[in-house]
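Student: Listed below are the residues making up each chain.
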Amino acid sequence: MTEIENRAKASAAVPQPDTVRMMEMQALLDRYPPDPRFALAVMQDMQRQFNYVPREGLLALSSRIGRSEAQLYSMATFYKALSIKPKGRHIIKLCDGTACHIRGSAHLVAAVERLLGIKPEETTTDGMFSLELVNCLGSCALAPVMVVDGRYYGKVSADQLRGILDECRAGEEERAAL
Amino acid sequence: MTRTIFVCCGTGCIANGSLAVADALRAALDETATAYGQGKAAATAGQAERREAAATAGIQVEALVKQTGCNGFCENGPIVKIMPDDISYYKVKPQDAAEIIDSLDKAPVERLLYKDRDGRSLRSQKENPFYAQQMKIVLRNIGEIDPAEIDDYLARGGYAALKKALAMQPAEIIAEVEKSGLRGRGGAGFPTGSKWRIAASYDDFPKYVVMNGDEGDPGAFMDRSILEGDPHCVLEGLAICALAVGAEQGFFYIRDEYGLALHQVQKAIADAGKAGILGNAIMGSEKKLHLEVVRGGGAFVCGESTALMASIEGRPGEPRAKYIRSVQRGLWDKPTVLNNVETLANIPFLILEGGAKFAEKGTANSKGTKVFALVGKVKRTGLIEVPMGVSLRHLIFDIGGGLLSDRPFKAVQTGGPSGGCIPAELLDLPVDFDTLTEKGAMMGSGGMIVMDDRDCMVEMARYYVNFLCGESCGKCTPCREGLRQLRNILTDITEGRGEPEDLQLMEEICDTMRDASLCALGKSAPNPVMTTLRYFREEYESHIRDKTCPAGHCPKLTAFRIDTDKCTGCGRCAGACPGGAISGAIKSPYRIDGSKCLACGVCRDLCRFEAAIAEKAGYEA
Amino acid sequence: MIIHIDGKACVCEKGEYLLHVAAQNGIFIPRFCHHPGLPGQACCRVCLVEVETEAGGERQVVSSCVYPVEREMQVYTNSDKIKKQRRMVLSLLSARAPDSGRTAALLKSAGGSLPERFTRLAGEKCILCGLCAKACESVGTAAISVAGRGTDKKISTPFALPPDACIGCASCAAVCPTEVIAYVEDGGTRTIWGRSFQLKYCETCGDMLGTEEEVAHAANKAGGEPARLCPACRKKTIAGALGKPFARG
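Those sequence lines, one after another, are chains A, B and C. My numbering puts the first sequence at residues 2 to 179. My numbering puts the second sequence at residues 41 to 661. My numbering puts the third sequence at residues 359 to 607.
For the record, the hints were derived by calculation from the structure and aren't laboratory data. Small disclaimer: the values here were computed from a predicted structure and weren't measured. The beta-carbon is built from N, C-alpha and C at its ideal position, and this holds for glycine as well. Careful: at least some of the hints might be erroneous.
[To be verified] Straight-line Cα separation of at most 35 Å, DSBU-like style, residue types lysine-lysine; simulated pairs:
#, chain 1, residue 1, chain 2, residue 2
1, B, K596, A, K88
2, A, K156, B, K307
3, A, K120, B, K563
4, B, K204, B, K314
5, B, K374, B, K219
6, C, K512, B, K563
7, B, K563, C, K483
8, B, K362, C, K466
[Stated by the list, open to error] Now the in silico label distances, taken between C-beta atoms and shown as ranges:
#, chain 1, residue 1, chain 2, residue 2, range
9, B, L638, C, A540, 18 to 24 Å
10, B, Y363, C, L479, 28 to 34 Å
11, C, S437, B, K596, 38 to 44 Å
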């Protein structure tokens, strides 16, 4: 009995059966004609859906458009919008454009490191947050700017940062409770 | 009176909560309408119907809330403008909505008006020094229309230029653009008319037209604001370009980070298609044009034309040598015209009013206006449009209102990583393509970052070089390896390990990068280093020789202490100190524990009494 | 048409690349990222020359491997400016790949030395010319590529794993100017990029034909059966087969 329970638990812990993911992947590929010029768009969609470009996605795209895996890997590592490693569920983008830089974005980087223990381009071990230092977001008048899960925060101070991160955590706990 | 309430919903104002303000204003309007006895049914009807119903009921307080693109004065957002009264409110909160609606037939809400230096309240944008000294061609519709509504654009004369162009011969269109003297606004300043003429001269089809919206210069957001606030204008410009060169397919290449701009352009293309303006019969003619949006992948180098085209073709954005220009062989080896967003936004005006009228504005070799993003340590930051040739001083001090806290001006950085730092002695330079290039900087696409005496020029150079280390495509040796060496040397200098010979060695590296790099990114990459070496050499020398950072910025060379005579004991610095190095009791002087101090300078930035002082650190090699 | 390279009159076709014209006329221009069988890349920037299209006009620095001759011009492969730039480019490459003997030798022959101040990438031999990836694309299966960008760019297999697509042809190693790509042939197998391949030999003379996969790939491309003989033996066999009737007659 305990063994079955354990197995059930173990299978529940597997995030997604591969077949489901492959079906999602296929649906995503089908959005575009099989033409190499849509390679970037397809990979951006994968990034959006899976938080990274999985290897099986690269391979599926490769056979669909006739570009080798290495050629697509080259793109996936060239464009900053794409990542070959899974990113966290909440993405903190700290703007390091010039205006933000001279208005103290470095303080925010240090604050995130203190609060979450991650440096730019890293993900927390629980997979909750990723920190990205991004190029100018074009909101310089509000420097320093931070974007969390697509929401813009202007003139951010280290104090506010804690509140914003706590909000993300609380949101997740709320959803988990439902 | 029929009023329109414009709520600025550019990215800056949205970040400040303008969407909630728009909602609150709509709700307040509904409530007012209900109060006037329209009943609940009216609240669910569309705004236009409500307006009509209100008009027939003879109700005076009726207005339409419209969400516009960026008004430019982002720092003071959310901005709400009421027309035709011409009242502008700043830093509006949702809870102000009822009061605003209530005041419509009465005196304006005093506390939301902009105050000038003497504390006088300004009703109209025309009185506001930030707006009063601008000249709007490119930005003429922004803030006046809802960018998501094609009818708004049409109501302001939109697509009349395209209609006019359809009746012209391609050569006539090109002649008009040439007559205007318009030069590419992306930075290089190549004459737009010549580009079109060369592309038109090839009998090699299909041809392509491409809009470059991969705006990546840190501190620049002109293109984002234009695309967000007036997408149809750019679309019309690109359509006229396509007619002139004989292209039937066009691409909008837009940074993926610009979510709102992407959305507005996609909607504009769809709406223009539905309205019969695009597609298989442009405005009912026999001409065709199909437009498509391509999302950028997050690569600064893709602002370079050949890299951008590689990206559209589905490859990594690596530039190629341009001995054969892309107007001859561009996308898929076919003639391709690539124009910047702002360049295209000038086209409808230019065609309607004529090239000669356009050429009346600006200087001898730089015609028309230029949009700048004025940011950094300046009082009024935001987006401004001025005629070419105005001085930097006018931009920064008259329009921008001078430096924050009236600190001394040190430099203005123009042109992003391809540009340079311009010192105070050159503030009276006219801003145009050629003057800034002559001084080793570059007008670039229009980013202007103002810096004060607390900004370190060596650190600025290091910042840009570091930026480019990650943003260079890495294909050619001078750019990739030159940047690597420059970064190491500059880091050493800012950390007190500089050597006297470093300056000459950096100059030699820069010289090779400029001459020997493959593309414009590499050729211009040394500019931030070369201009700071040219205008702020003594600052480098202080770092190297005396191991001091005169700006008190470089943490390895700086220590902070609190001047006990000046400290009022407000405790502001202690609360913000990331190292927890500041301690003390309220109302008596605080002190900094040097062993915990990170020398980040937050205390100095926050102190209103100049009590936190930067000093030379006890440097140990 | 005729152009002048370092004062020497050189006959060439319109559209021909400068580097090629120079080579045809016995003028050597140093370079790293160029291979006669592959398209020019213009990335190492060692083959820079100055061109002057109008007498006394401004000289332009161009990379000769991709610069097409469109009109008459003067070309300078050894002007003071070019020598200086070439020395700096080679210094930068030497700092990047301090273990590459050829880079060091080229720098020395250009009269330069690696500045002490330059940071070296310890143990590195690769100069990132990208020829290996280009060769793999054209001869092999595009199993390797450049990865990343900027100062972190490198040559890599997908996910830095032994590449599934590799056929072990070792074209990458053959074109590498700094001999970075290592492979081992031992007892009938070739090991490259972390994978081992069975080697195939000529059934007549025993000469190596390449890896099984490589031979199959070539046959697939040409649309025939995988080769069993080396080119020389195949020629002999064909000649023999053709010769027989005559011999009988």
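Student: Below or equal to 35 Å on CA atoms is what counts here, so check K596(B) against K88(A).
Tutor: holds (33 Å)
Student: CB of L638(B) to CB of A540(C), is that within 18 to 24 Å?
Tutor: At roughly 46 Å between Cβ atoms, A540(C) and L638(B) fall outside 18 to 24 Å, so the hint is violated.
Student: For the pair supplied as a hint, K362(B) and K466(C), confirm whether the alpha-carbon distance does not exceed 35 Å.
Tutor: It holds: about 31 Å lies between the C-alpha atoms, which stays within 35 Å.
Student: For the pair supplied as a hint, K120(A) and K563(B), is the alpha-carbon distance within the 35 Å limit?
Tutor: Since the Cα atoms of K120(A) and K563(B) sit roughly 32 Å apart, the hinted pair holds (cutoff 35 Å).
Student: Do the alpha carbons of K204(B) and K314(B) lie within 35 Å of each other, as the hint requires?
Tutor: holds (20 Å)
Student: At the C-beta level, are Y363(B) and L479(C) separated by a distance inside 28 to 34 Å?
Tutor: holds (31 Å)
Student: Is the Cα-Cα distance between K512(C) and K563(B) 35 Å or less?
Tutor: Given that 35 Å is the threshold and the Cα spacing comes to 22 Å, the pair holds.
Student: Given the proposed pairing of K156(A) with K307(B), does the C-alpha separation stay at or below 35 Å?
Tutor: holds (31 Å)
Student: Taking 35 Å as the top limit, are the C-alpha atoms of K374(B) and K219(B) close enough?
Tutor: holds (27 Å)
Student: Is K563(B) within 35 Å of K483(C), Cα to Cα?
Tutor: Answer holds: K563(B) to K483(C) is near 26 Å, not above 35 Å.
Student: How does the Cβ-Cβ distance of S437(C) and K596(B) compare with 38 to 44 Å: does it lie in that range?
Tutor: Holds, since S437(C) and K596(B) (Cβ atoms, about 42 Å apart) stay within the stated range.
Consistency with the previously given hints fails for number 9 only.
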